[in-house]
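Engineer: What follows is the residue order along each chain.
2 protein chains.
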Amino acid sequence: MTGMACSVTSEHNHNVKMVQERMLSEREFLFLAELFKAFGDYTRARILFALSIHELCVCALAEVLDMSQSAISHQLRLLRAAKLVRYRKEGKNVFYALDDDHVRNLIGQGIDHIREQG
Amino acid sequence: MTGMACSVTSEHNHNVKMVQERMLSEREFLFLAELFKAFGDYTRARILFALSIHELCVCALAEVLDMSQSAISHQLRLLRAAKLVRYRKEGKNVFYALDDDHVRNLIGQGIDHIREQG
DNA sequence: ATAACATATGAACATTCAAACAGATGAGGA
DNA sequence: TCCTCATCTGTTTGAATGTTCATATGTTAT
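Respectively, the protein sequence lines represent chains A and B. Here the first sequence is numbered in the working numbering, starting from 134 and rising by one per residue. Here the second sequence is numbered in the working numbering, starting from 134 and rising by one per residue.
Honestly, the hints are just simulated from the structure, not real lab data. Here the structure is a predicted model, which means the values were calculated and not measured. Incorrect hints may have been included.
The list treats identical chains as one, so a pair stands whether inside a single copy or across any two.
[To be verified] With a Cα cut of at most 30 Å, we get these calculated DSSO-like pairs of lysine-lysine:
no., residue 1, residue 2
1, K216, K170
2, K150, K170
3, K150, K216
4, K150, K222
5, K150, K225
Let's have the full structure, built from the sequences with the hints guiding it.
Structural biologist: This is the structure:
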């Protein structure tokens, strides 16, 4: 169940203690995982990238990604919950956009990373 | 199956075309999703954060996270596949570290984001 | 009010995934 | 060689996730 120490050098113990002291809270790690999980899906990655180009209504997203409105809507719900997108209603339509520049930066960093290592 | 356009304004069509033209390839989106998926797990987020503080051997990670060595090893396998960590062998031990500063930056951005919105 | 449309939601199904356990590999010491 | 230790790898099981279909909500126009 719980990990046991390997043959313990003082270096080993020192590192373990130091890292343990600096670890974030469970709550923060849960948020962090949830944030990245929201990016970590083919469909949502495409939605987020599309929105990084321009604000779009649900049906426009469905058209761009060639997917059903329902599928898009379900994913948008998750993205809303993760606070990655915001929306405004205009008549029958609902327009989605990225929540802030942090989200745009994360997408950008991600793209840079995958392009650097082929 | 495939999405249909909503009542089509010229604005709508213009946006759809523009976004479609700028979308990345399927391959790139798959990579992008895979990258973020690797971050998007409670255990892996903790591993990556721990490694952002200091290089650690598998048993040290198991100790820090209070998990079995096996569980850690399985996750490290995924992180290796995603090219997020590198490792060096030293006798019986295997020491893991973040692959590059891109990874560190992504973690940092993520933490900034969750801290900004409470 | 009724119809048509845009979006959201619920339930069912299929797939993916992490944790746990057992066994395998490989390095070092007696 | 035999044994131990650190790590890795299969396999199974239960949970989480994505997609689809059907339906519900809410808006606009007739």
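Engineer: If a hint holds in the structure, say so; if it does not, say that too.
Structural biologist: Do the hints match the structure? See the list:
no. : hint        : verdict
1   : K216 / K170 : both (12 Å within a copy, 17 Å between copies)
2   : K150 / K170 : both (29 Å within a copy, 29 Å between copies)
3   : K150 / K216 : between (34 Å within a copy, 27 Å between copies)
4   : K150 / K222 : between (51 Å within a copy, 22 Å between copies)
5   : K150 / K225 : between (57 Å within a copy, 21 Å between copies)
Hint violations for this structure: none, all hints satisfied.
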